[in-house]
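Participant: For the record, the sequence lines run as chains Y and B. According to the numbering used here, the stretch in the first sequence is residues 16 to 373, in order. According to the numbering used here, the stretch in the second sequence is residues 128 to 257, in order.
Read the hints as simulated data drawn from the structure, not as lab findings. Computed from a predicted structure; not experimentally measured. Positions of the beta carbon are idealized from the N, C-alpha and C atoms, including for glycine. Be aware that one or more of the hints could be misleading.
As the list claims (entries may be wrong) - Straight-line Cα separation of at most 27 Å, BS3-like style, residue types lysine-lysine; simulated pairs:
1. Y:K58 <-> B:K233
2. B:K208 <-> Y:K58
3. B:K233 <-> Y:K54
4. Y:K58 <-> B:K200
5. B:K200 <-> Y:K54
6. Y:K54 <-> B:K208
7. B:K167 <-> Y:K58
Said to hold, decoys possible - According to the in silico footprint, chain Y covers these stretches of chain B (three or more CB under 8 Å from chain Y):
8. 186 to 199
9. 230 to 239
Unchecked claim - Here are some, though not all, of the chain Y residues that point toward chain B, as calculated from beta-carbon distances under 7 Å:
10. L59
11. Q62
12. R65
13. I69
14. S70
15. R72
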Amino acid sequence: MADDDLFDAELAIIEAAEERLDQPFANDADAATFGDLLKNYRKLFRQSRRLVRISDRNEAELASMAESQRRAAEEISHKNAALETLSNKLSKYLSPQVYASIFSGQQEVNLNSRRKKLTVFFMDIADFTETTDRLESEELTSLLNHYLSEMSEVALSYGATIDKYVGDSIMIFFGDPESRGVKEDALECVKMALAMQTRLAELARVWRDRGIERPLTSRIGIHTGFCTVGNFGSAERMDYTAIGGTVNAASRLETCAVPGSILISYETYAHVKDDMRCEEAGEVTVKGVAYPIVTYRVLGVAEGATDGNATVKVNLPNLQISADTARMSDEEREDAARILQETLTRLRHSEAPAKKAV
Amino acid sequence: MDNLYIEATDRSPAVSFEFSKGHLQLSGESYPEDANGFYKPIFEALDSYLDDLGSGECRFDFELIYFNSSSAKAIMTMMDKLEEAAASGAAVNVHWRYDVEDDNMKELGEELGEDLEEASFHLEELDDDG
Numbered sequence: 016m017a018d019d020d021l022f023d024a025e026l027a028i029i030e031a032a033e034e035r036l037d038q039p040f041a042n043d044a045d046a047a048t049f050g051d052l053l054k055n056y057r058k059l060f061r062q063s064r065r066l067v068r069i070s071d072r073n074e075a076e077l078a079s080m081a082e083s084q085r086r087a088a089e090e091i092s093h094k095n096a097a098l099e100t101l102s103n104k105l106s107k108y109l110s111p112q113v114y115a116s117i118f119s120g121q122q123e124v125n126l127n128s129r130r131k132k133l134t135v136f137f138m139d140i141a142d143f144t145e146t147t148d149r150l151e152s153e154e155l156t157s158l159l160n161h162y163l164s165e166m167s168e169v170a171l172s173y174g175a176t177i178d179k180y181v182g183d184s185i186m187i188f189f190g191d192p193e194s195r196g197v198k199e200d201a202l203e204c205v206k207m208a209l210a211m212q213t214r215l216a217e218l219a220r221v222w223r224d225r226g227i228e229r230p231l232t233s234r235i236g237i238h239t240g241f242c243t244v245g246n247f248g249s250a251e252r253m254d255y256t257a258i259g260g261t262v263n264a265a266s267r268l269e270t271c272a273v274p275g276s277i278l279i280s281y282e283t284y285a286h287v288k289d290d291m292r293c294e295e296a297g298e299v300t301v302k303g304v305a306y307p308i309v310t311y312r313v314l315g316v317a318e319g320a321t322d323g324n325a326t327v328k329v330n331l332p333n334l335q336i337s338a339d340t341a342r343m344s345d346e347e348r349e350d351a352a353r354i355l356q357e358t359l360t361r362l363r364h365s366e367a368p369a370k371k372a373v
Numbered sequence: 128m129d130n131l132y133i134e135a136t137d138r139s140p141a142v143s144f145e146f147s148k149g150h151l152q153l154s155g156e157s158y159p160e161d162a163n164g165f166y167k168p169i170f171e172a173l174d175s176y177l178d179d180l181g182s183g184e185c186r187f188d189f190e191l192i193y194f195n196s197s198s199a200k201a202i203m204t205m206m207d208k209l210e211e212a213a214a215s216g217a218a219v220n221v222h223w224r225y226d227v228e229d230d231n232m233k234e235l236g237e238e239l240g241e242d243l244e245e246a247s248f249h250l251e252e253l254d255d256d257g
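With the hints as extra help, turn the sequences into a complete structure.
Facilitator: Pasting the structure below:
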């Protein structure tokens, strides 16, 4: 509709008035008054038409701005989604705690480090190469990823910071970027180690079906002490990690651990002794550490500790028990008692292979 | 009479009525919440000035970026007052200055200028320096 169509009625009035103005009036004063009225009406008409146009233009401009804003918001939303996807992908290369501390702004991404008391954990699979040398590359990859995923899941459930994977070994620490206190960190670390062994034993059945005849057995070393923790590398490529004698010592304890066992240093033992059953396991010398490290083997959760007697966890090279008696049904209790009784009977009637040979 | 200065806000234009120099200016954006309240003292000052202008000279610069319908009515009212003063013998020059990229503002200026018969109307592009 053309602009003037809206004003047809007003234009008709003006036309009629102009025609009337050409006709004679009773007197000059009336003609002048009529002329003034027509002039002002014309002006009013022009102003009305102008105001309508201004209003329409402004509205169109606002609508166009709103549209631009909507598009910009849409673009920002797409970019945010893309960034979120990207950051989710990148987060897989970082320990969740490190990722969270960077994204929340608590941790600066620059080359700096600090001294902190950490509990450092090393784990690997004893005789991994021998155990898996008959596997095809794809099977080995699948097994390794499965093992690392399962262990990482356990680690994260205990609030650990996963430092790195190197082949079949895992380095983990407790105490940074989050810490519950040195004692709690050490205790959580040892609890996590036990949980990992339990999980590994459960997985043995799954893996046996995949051709891993011998169950994977882990070696674990844990040490508590001061480390330098932070970002190392260059401004372009940095790694968040811990370094120092404590890390070396934990690694050394792992290599000294008997397959299937958890070897901890006295420094860690001092923090967990009330909650864990441990036995002394001799001294270990570590390159770069002046004195020998007194070690302990973790046997399980101490009776009456933390879990209120409801759970029993045993992790020995040839005996793994994980029982939560509080959650058992009557039927499960009977089954558990029967199995344990049978095991006890067999244990009493069996002899160690060496003794038998004699 | 005293000059009238009103600073611009997000919604209202800057007013600079230097009566002593015969130079009046309205610039910026105009969509005040209360258009009547904003323009009333401006009309009063303008009326008072134009009443005493006689055959004197007056220049009025409009440099507007955006205005709403109420402000448009106020601008047209000011144009009427200037036209009346010119009809009464004053030398009135109205300068409608618009941003070179603002076709709407140019078109509006052209339309408003059509109503001025006695006052001189000047349509001018604003350069980057104003």
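Participant: Indicate, hint by hint, whether the structure satisfies it.
Facilitator: Hints, verified against the model:
no. : hint             : in the structure
1   : Y:K58 <-> B:K233 : holds, 20 Å
2   : B:K208 <-> Y:K58 : holds, 14 Å
3   : B:K233 <-> Y:K54 : holds, 26 Å
4   : Y:K58 <-> B:K200 : holds, 12 Å
5   : B:K200 <-> Y:K54 : holds, 18 Å
6   : Y:K54 <-> B:K208 : holds, 16 Å
7   : B:K167 <-> Y:K58 : holds, 22 Å
8   : 186 to 199       : holds (count 5)
9   : 230 to 239       : holds (count 4)
10  : L59              : violated, 10 Å
11  : Q62              : holds, 5 Å
12  : R65              : holds, 6 Å
13  : I69              : holds, 5 Å
14  : S70              : holds, 5 Å
15  : R72              : holds, 5 Å
Of the numbered hints given earlier, the model fails hint 10 alone.
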